[in-house]
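J.: Using numbering that gives the first Met the number 0, the letters of the sequence shown map in sequence onto residues 0 to 160.
Hint data in this document are derived by calculation from the structure and do not stem from the laboratory. Take the hints with a grain of salt, since some may be wrong.
Restraint-style ranges between C-beta atoms, simulated for each label pair [said to hold, decoys possible]: (1) 66 / 86: 28 to 38 angstroms; (2) 44 / 122: 31 to 41 angstroms; (3) 149 / 12: 17 to 27 angstroms; (4) 122 / 90: 25 to 35 angstroms; (5) 160 / 11: 18 to 28 angstroms; (6) 26 / 122: 15 to 25 angstroms; (7) 96 / 58: 29 to 39 angstroms.
Glycine included, each C-beta is placed from N, C-alpha and C at the ideal position.
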Amino acid sequence: MEIAIISDTHLPRGLRRLPEACVERLRAADLIVHAGDLATLEVLSELRALGSVIAVRGNVDNAEVRAVLPEAAMVNAGACRIAVLHDAGPAQGRLKRMQARFGGADAVVFGHSHIPLHEGSQDGFQIFNPGSPTDRRRAPHHTMGICHVGEELAFEIVKLD
0 MEIAIISDTH
10 LPRGLRRLPE
20 ACVERLRAAD
30 LIVHAGDLAT
40 LEVLSELRAL
50 GSVIAVRGNV
60 DNAEVRAVLP
70 EAAMVNAGAC
80 RIAVLHDAGP
90 AQGRLKRMQA
100 RFGGADAVVF
110 GHSHIPLHEG
120 SQDGFQIFNP
130 GSPTDRRRAP
140 HHTMGICHVG
150 EELAFEIVKL
160 D
């Protein structure tokens with residue numbers, strides 16, 4: 000199983016759109032996860048046209064999105080569980096804080112910072128931020144994530160430019 004992971008798309012905004020390399024990976028994935036800040040329901044509809052979607056709301060999402068999407072979600076991926084939320088809070092202590100909050104999960108996917116991150120603990124718990132495919136801010140590249148699901152979860156940050 001392969002999960003395509005995006006966050007912080009902030010669409011629509013001017014001429015900004017998802018890069019074609021991102022769309023191809025979304026279309027090919029078994030599941031699309033969006034970790035918040037879609038902005039509008041139209042973006043969710045566009046993603047659903049590409050495949051099955053699990054999404055959570057973010058801090059810039061409009062009232063319609065906030066009314067439809069949860070703050071957090073749990074994805075069952077094979078024998079693994081992945082929690083999804085938008086803002087995982089300050090960097091200091093994040094790994095332990097997320098493991099305590101989502102004790103039944105093998106990993107937590109989040110967004111908000113637009114900065115890609117993959118971190119793990121000695122016991123195998125992981126946190127993953129895919130960055131943003133549309134608004135890189137301080138990150139050097141537009142990015143997204145892929146999670147390869149087998150007996151364990153293998154996360155990959157994909158540079159889109």
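J.: So which of the earlier hints does this model not fit?
T.: 1, 3, 4, 6 and 7
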